[in-house]
Amino acid sequence: MRSKRVSAATAVMAAGILAVFGTPASAQPAAAAKPTGIYAGMGNCPLSSPVLADPGNQQVGCVISVTRGGSVTIGSTTVALTQPITLQFGVYWPASGPTVEFPDGTVANVFSTVPSADGKTLTSSPLQVPIPGLANFLPGVTSAFAQVELAGPITEFIPLATGEPAPVFRLPIKLHLFNALFGLRCYIGSNSSPIVLGPTTGTTSPPPPNVPITGDAGVIDLASDPNGFGAFVVSFSGATLVDNSVRVPVANGCGIGGSLDWVINTVFGLPAAAGRNTVVFSQTDTSLAVDSSLGDLKQAIAASAH
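Residue numbers (mature numbering (1 follows the signal peptide of the UniProt record, and there is no 0)): -27 to -1, 1 to 279.
Simulated from the structure, these hints should not be mistaken for laboratory data.
Do not rely on the hints blindly, as some may be mistaken.
Derived Cβ-Cβ restraints for the label pairs, each shown as a range [stated by the list, open to error]:
#1 Gln31 with Ala53: 33 to 43 Å
#2 Gln31 with Gly230: 43 to 53 Å
#3 Asp194 with Thr55: 24 to 34 Å
#4 Thr187 with His279: 37 to 47 Å
#5 Gly231 with Ala68: 39 to 49 Å
#6 Ala53 with Gly231: 53 to 63 Å
#7 Gly10 with Ser49: 41 to 51 Å
#8 Val80 with Ala26: 37 to 47 Å
#9 Thr51 with Asn200: 41 to 51 Å
#10 Arg41 with Asp91: 19 to 29 Å
Just so you know, even glycine gets a beta-carbon here, dropped at the ideal spot from N, CA and C.
Given only the sequences and the hints, what does the whole structure look like? Please build it.
What follows is the structure, given as structure tokens:
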């Protein structure tokens, strides 16, 4: 079988070693140094995690991914993704770890993930959401704002599922709704009943009435560590990830004691069965730094910091 497996010599990405420059006592402390070059954006990689330090790991690494476009469609309501959504986390693959075989016979590693060192594995900004059937003349009152939040751990990360029908990862999220009437704890989805995305750069196979759509792996590049360490970085620029098999659960916590949950469920048609919703992440840039040695990865990232 041909293999898409990232080799054991793979390397890097890390983002956790922040060097602090000394300053006079009377001056403001200098900002911590941040990884640059091929490791840019990896400053919150959980390099100190005991999970990554497990000697049974054959590959360890760091991921930074930023999506700058796309849309979320729930039933007949579509919201454009006009603000960046950033994912950052660590990954590991033990010896004899799980793999997936694709229809063309190639094989790729399935990585486990570790949350970002600062706890901000997913960050995003609120997006304005029109309320179906209501003219929007007062944002936040006649419309709502929705913020994408993580609802559980990212699982089944397959970075080399490029152009394949398999999801690149499983991403559980919930939508935090803000409106003058909804209160502060109004969500679509929850930690116990999340919206689970399985976006792919390949072609989907959704239940009807949705029809198959195809993503784009973007431009793929490989870069060796510029300072001679064993790590290397795989980057995917301008990718489009799609999922139109996603199920969207009901609202919860909207209004006093959830008294307005039914309003959200009614206007958005929740729960919305798989085949009636679509998520598109476009203009997505992702970098994966991997190495066979956590110590080597740490040194590679530290050497890039300025």
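Tested hints:
1. Gln31 with Ala53: 33 to 43 Å: Distance hint for Gln31, Ala53 holds at roughly 41 Å.
2. Gln31 with Gly230: 43 to 53 Å: 51 Å, holds
3. Asp194 with Thr55: 24 to 34 Å: 27 Å, holds
4. Thr187 with His279: 37 to 47 Å: Holds, at about 40 Å.
5. Gly231 with Ala68: 39 to 49 Å: 48 Å, holds
6. Ala53 with Gly231: 53 to 63 Å: Since Ala53 and Gly231 have Cβ atoms about 29 Å apart, the given range 53 to 63 Å is violated.
7. Gly10 with Ser49: 41 to 51 Å: 45 Å, holds
8. Val80 with Ala26: 37 to 47 Å: For Val80 and Ala26 the Cβ distance comes to about 27 Å; the hint is violated.
9. Thr51 with Asn200: 41 to 51 Å: Given about 46 Å between the Cβ atoms, the range holds.
10. Arg41 with Asp91: 19 to 29 Å: Given a distance of about 21 Å, which is inside 19 to 29 Å, the answer is holds.
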